Structures are given as C-alpha cells and as structure tokens.
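Asker: Chain residues, written in single-letter form:
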Amino acid sequence: MVFSSSTFLFAFLPVALVVYFLLIKRELRNIWLLVVSLAFYAWGEPVYVLLLLVSIAVNYLFAICMAEKPKHGEMRQSAARRNKAMLILAVVFNIAVMGFFKYEGFLAESINSVVGSELVPVLELALPIGISFYTLQALSYVIDVYRGQVPAQRNILHLGMYIACFPQLIAGPIVRYKTVAKQILHRKESLERFTSGLRLFVVGLAKKVLLANVCALLADKMLAMGGPSIGAIGAWAGLLAYTFQIFFDFSGYSDMAIGLGRMMGFEYLRNFNYPYISKSIAEFWRRWHISLYAFFRDYVYIPLGGSRVSTGRWVVNALIVWGITGLWHGAAWHYVLWGLYYGVLLIGEKLIWGKLLAKLPGVIQHLYAIFLFMLGWLIFWLSEDQLPQYAQALVGGFGLTGTSTLWELTVWEYIPVFGLCTLASTPLIPMVWARMKAWIVGVSYVPMKQAGSVAHVKSLAGAPLCSLECVAVSKSKAAALAVVELAVDIAVLVLLAVCCASLVSGSYNPFIYFQF
Amino acid sequence: MREFIQIVFSVAALIFVLLPVANNVMSQVDPENYTVESKLTAGKTGSLEEVVPLGATALDVLSDKSIHEGIEAALSASAPCYDQVILFNAALQRTAIAQGAALSGFSVYPTFFGSKYYHDDENEIIGFITYQRDSSVGKEMEKQKLMKVVNAIASNNPDIRVCVDLVYTSRMTEYNSSFGLVSNPINHDFIRANTVDVLSDEVLVIDDYPESQDDYVTGWISTEHHWTPLRALTSYNKVASVMDWMEYHDPDTVAVVDGWYGSYARMGLDMSFTSQMVDFVVPGAESIQWKNYVTNSAMLPKNTMDENGEPLFMDGSYMVYDRYYGSSYCEAINEEADNERTCLVVCNSMIRPIKEAVASNYYQTIFVDPSNYLVAQTFQGLVDKYAPDDVVIFGLEGRTIAQKSPNFLSVAKPANE
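Here the protein sequences come in this chain order: A and B.
Take 1 as the starting number for the first sequence in this note's numbering and just add one per residue.
Take 1 as the starting number for the second sequence in this note's numbering and just add one per residue.
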C-alpha cells in the first residue's frame, strides 16, 4: 500500500485515524498503531510481515541483553565485552538479513561474472519493501542502547510500534529511536498538531501526485524512446524531469510521513530542506535526505574516526561511507558509482576547490551545484546499459531532437509544470507566508539561522507549513490572522480535492521505492 | 475562533476522503439516487463484489496484486460524480499543456499528459494523433494482408464482381491536425503503395481519400474517427457509380443529434467541442427485414424516436457511438428489390450509415465485420457459403481483422476446386 493511492486515502487512513482518536488510553492507541502498521505492511507483503516481526523481536532481545546490569560478581569490563558482542551480533544480524534479501542477487551475479560461471546461485528473491528503512531504524536503536544514549525499550509492543510505524515504514524518514522514545508514552495529540500535520500531509501528497507523477511521465517517456530518438533537447528535458520527480517523490513522501506522525502526536525531524537551492555539494547533502545523511554520519563516518584522522585516512573513510551510501540505495553498480561520485566531489570541495567555490558569485555556485547533482541523478537513474547512449544524446550526439520532431517529444507540454516545480523547489512560498503573517500582526519578521545546521533543522520541527518561523504573534491580531489562515486551510482543502481527482482518474502513479 | 476553524478544516478533510466509500455504500442502499457506474468509461464500476472472488481467504486478499488493483480501481470509481472528476483532472492538465503549447507556438496539443488524442482549437476538433510508418499500424499495413486476400477472391471467383472502397478514418489522412507535427507519418502515398498499387486489375477500386481540407472538416465527425452519415453517402455514391447501384443525391435529412460527444472526446476526456449528427432517409428502407447474427447493438432502423420524440440513441450523449455506429454481422432481405441478387459486404462500423442504401440494391445482403467479431471462416469460406453475385469491401487495412479474425485473411481456395 502506498500513501498516494485510493486504498490508503479513502479506506485505510480514515479508519486508522478515527479508531485511533476514539481510543482514549495511550496504551490502546499504541497497540492500535502497531496493529494498523502491520496491516499496512501486510497489504502486499503478507509473508514478509513475519520478517518484520522477527526483526522487531530479535532487536528487542539484543537491546534487553545489552541493557542488563552486570551480574553479581561480573566485572565491568566483562559486561562491556558482553555488550559489545551483543552489539556486533545485532549489527551482523540486521545487515545480514537486509543484505541477503537485497544484495544476494547482485553479489551472486557480480561474483559469477568474475569467475565466469554460475558459482553462486541467483535466488531472485522478492525484495521486502521498506527493509532498508526499518533495518536502519532497528540498527540505530540497538546502537543507541549500546552507547547508553537511550534505555532499552522493555515493552516489545512499543518497540514494534517504533520500528513498524506505518508513516515512515516504507519510505522513511529514518526516525532515530531517541527522537521518539519519550513520545511513545508522552506525546500530546492536539487539534493544532492534527491540523498542522494534515496540512503537511496534503502538501506532501500534492508534491507526489501533481508534480512527481507528472514529471515521471516525461522522464519515463524519454528513457523509453532512447537517445537516438530524443536528441539533446529530449535528453536534457528527461533528466530535468527525473531531477524533479525524485525530489518531489521523496520529499513528498517524507512530508506525508511527518504529517501523519504529527497528526498522531509524533514530531519527526525534517528530512528535506530545499536541497535544490544549494550552493555546494556539501550543502546539498545537508539538505537532501537529512535522516540518511545523519545516520551514516553518526553510525559509520564518526566511528571510523570522522574528521579527526589524517587526511589520507579521512579520504578513505569518506569513500567508504559514500560507497556504502550508494550501495544502500540499490543493488547495482551504478548506485555504488553514484555514491562514490559524491564522495569524490565532497573530498574535492573539502580539500581542493571549496574555498575557491565560496568566493564565486552566488549564481555560479548555484549553477555549479545544479549541474553536479543533475549529473549525479543521471548516474543514479540509468543502468549501465542505458547510460552511454543517453549521455551521448545529452551532448548532442544525436542532434537536437534525434529522429523525432519537437512536437512529438512533448517536452514543451511540461514547461508550466517545470515552472511550478522550480518554484516549489525553493522556500519562496513559506517565506512569503511567514512575512505575510508578520505583516498582518505588525511585527518584525525574523528569519531563523542559516539553513542546514542541525540546530536549525531541530527548530523547524514545530513549524506548521513554513520552513521559517515568525516572532510570536500578539493576541490582538489573532482574528486577522485567523481569517488569513482560514484562506490557507481552504486552499489546502482545494489542493486535497485536486490530488484526489488525480488519484481517482487513475493517473500515472509510479512507486520508485521498490528497490528499498 | 482559530480552534473552530481547525475543527471545521479537519472534519471537512475527513468527510472528503470518506466520500467514495460513502457513495459506494449509498449506491447499494439507494441505487436510484447513487451510482458507482461510469457513463464515460464504459465498464468501469465501483462494485467491490466483482473484485474479491468468492472464497478468497484473508491471505489471498492481502497478497493478490490483482485483487489490490481491483479494489483500488473500485474505490476510485466510487468517487461521487466520477465522470466529472476525471474530466476535471484532464481539463486541469490540459490547461497546463495549453500554456506550454502557447509558449512554443503550437496550436494543437494533447488532451492530457500522455494522451493519444489532441485538441485543435482552430478547427474545433478532438482528434487522434496520426499513426507513424514505424508503428504497428504502419508495419501491419505493409504486410498488405487484406489486399492479398481480396486479390485471391477476385482471382478465384471470376464470376463475382469484387469492389474495394478504401475508407479512411480521421486518423489516417494527411488532413489530421497532427500530421505535420510527427515524424514519418503514414501519408497517402504510403497507403496507396500498400493498397491501390497492390490490387489486381480484376478488382474495382475506389480510393475515397478526402478531397480537400474542407471535405475533411465537414465530412468527418469532429470528435470521432467516423465520417458523417452524409459523407458516408458520398462514398456510397462513388461505389454506386461503378456497381450500377441506385444513387442517392440530396436526400431528405434529419438532424438527429446536436451536442454529441464522439469517442475521441470521451476517451480523450475533452468535452470542449460537440458534434452534430445529420442523418438521411433512404426511401423504402422500412421494408427491409434485418436478421442479426452477432451484434453489439440492436440493428435499429435509423431515425427512430422514443415515446418522448427524442432520437432513440440520444441518452446522455455518450452512447450515440454504440447505438449508431455499432457493428454487426447481419443479413438484410429486401422483398421490394427488383432482382434476386446477393451481395456480401465486408465492412466495419464506418458503413452503418449506408447499410440501408446498400441493401436497397439487392434481394439479400450479408454484412460481416471481421474487425469486431470473430469470423471463424476464411473470406473464401464466406463466399462459398453465400455464393454472392457481388463482393464489396469497405476498408483500408487488415490490422484489426488480423487481430480479431486472423483466419479470415487466409488465402484459401474455393470449395469447388
């Protein structure tokens, strides 16, 4: 089941929310949330829901074991060794499970192509949807327990609810246990939070249904037609369409997940912070899939030494981290190449041209970043077979329009959509909204700190629709503000109606998370 | 105040997402006032009973992707005012596309993203994007299957007059608004090379290509692939001139339907333009008796009115296509004919407007449509069965015949050989 479907929107979600709020007790709400989350996952994966349950149970046991106080007479070092062994086992278990289902075929084919025979059987296993996300969540939990940053969760149902919670189960964001540990029992549902979450959900749904799905039509068409048929115009338009598709798909899903969580009282951290306005690749990765970046930073990069090592060692660490990041995205060499591509760029910015880049005019910096992340998407998007011809088309190897006419390419149809996507890729609308609110109530608009810092990300968590917050509003202007906010709510309802119309029409709705 | 607004907002959103399920339930409780059947997309229904097979277990429902797809489609179709919703969605997309077209200098553009149909404001046409030579249509045409079997019929049955009238749909002509916009389109030369140039001298050939832009715009229905009844009559008269049939010029006409949406408007989800159906009267047609063998619509006499004086096929504007242009495999007996001759007509839905006119020339006329109905026999087999005096083929290419009735295009020997 996906969020952008009639089954979810018209059947699952209303039932899940209505029953949730009819249940008064916290414990019953948590149990209900676990039940509907498992039902959500079982819809299409009835067998693999058992795998999810096994993952929950095993990680629960590992954490409980690690949290055990030293037995009577047990030396502290002995307990520490025991806990470390538990941690290693937990990490091995989680990675082994994910690795088996996700990478068995890829590794088998790679080994077999090297040795020139079918040495390793290719099992062609169906990939359990969301295994990459819930495995990382489980890993973050056991590691944080080991580090003493959070107490082990004694209630397996609560842990199950955290790992399997349907808002973030199949497409993230990767929610750290310590982010929600207290919220399991002490979160506060409120009308303000519910409506704020609802607005964010609708915005996310619009990103997915009205922008990502439409861009996907052009991207898929250009890919299907092939380089010789589309020429440079078609190739660049297809790449641009994919660039928008993947952003609005991912960020839309994250918004929906965060919005759904907020409706039920959870506060998840923001996952995307307008990455396409970045001026460097380093900045891009502080804004793109923030939860994933933070995970690999905290659980791979820093344990490897972070930046507190020699330059040579740091370069190696960076390549390892980014190679793993690429591999996490998919079981294919072009994903690894994509990860290493960013590793090289980040190394380059840090050691070679970063200072020079910072001195350039802002426009040049933006163009630099745009060009590089689009190139990155090219590597991410195309398989090894598709890349050469498509790249040839990009540089004009097949002329401007290939064997097609300009009309036939249909690129021109998407000009208004690209305009809308460009606007939606910037924080312009939230900024205007924030300034408007400040103006209405007659206070000064004070933007938050520079985007991208962790502190800034945390402070964004409570903002209803904005990425920036206003100074506190005086009560005497509340009525005027309420009228304007009513207009916004009406606009959101209209947006919901338009999204539903698109879904009902059976419009193109690709699910690009199958590889996760 | 703010809290009140938030409550209203939340409740409104909840009611909104519950509408499809509510509509589905109400359609079973009060079917007269609530429906989950779509008029626009025939066959699409919100009935959940048809989706989950009897005896399906919970595991089946959870794991079977076809059941999921069925539930998804049924829930979507349960949306209130489903037809209006999908038209609205298409209109929204078309508005964006129109802006892109205006910026790019194009006056013709698809009716929604990914649509095969185009919108032409200047000529007020909803059309089908023209076929290209390397498409399946072009490749099938190059096989010349229909023309080869026609040649065989003419060769194997020298006593039978064989006539081919090349009948063009609106998507097969160079006057199609998208013709100059796509690469390698199927043009008239390509069609002639695979039809007229292939047919033997034993076959009477009429290439009824549109004579001019004006002929195309007035002769073909603006939201359909079909031609108008009067344009069909023009084609009939061309055949009549070589077959010694009765010609009908300046017949009495009946404006049957005004404000009709053809199949391109429906499938293209674009109701910007309507079409008008002007039918004509064939004197003596009422005396012809019809026997339907296989049909998707009753072979109704044309111009029939219901008890309210409305044309019988004017029922919400969507069903004119099926009622008027529906195909059939049928036989006409004309007791008033001045001969005992039989004609075998191979045709498709394009010929419906002139069936009475054709049948008025023979005692017995058999109409067969192998494009839309499975015809098990070969073409020669039908000739052997009915022993016609004349065989007339109204068509252009054998692609749809090859799909539906592949045996029909086999080049077989006569039974008496």
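Among the hints, a few may not be true.
[Unchecked claim] Below, in silico cross-link-like pairs of lysine-lysine (BS3-like), each with a Cα-Cα straight-line distance of 30 Å or less: (1) Lys221/A to Lys116/B; (2) Lys182/A to Lys279/A; (3) Lys116/B to Lys143/B; (4) Lys413/B to Lys221/A; (5) Lys116/B to Lys139/B; (6) Lys221/A to Lys139/B; (7) Lys65/B to Lys221/A; (8) Lys65/B to Lys143/B.
Hint data in this document are derived by calculation from the structure and do not stem from the laboratory.
What you are looking at is a predicted structure, and each value in this text was computed from that prediction instead of being measured.
Asker: Let me make sure I understand: some of the numbered hints might not hold for this structure. Which ones are they, in numerical order?
Answerer: 2, 4, 8
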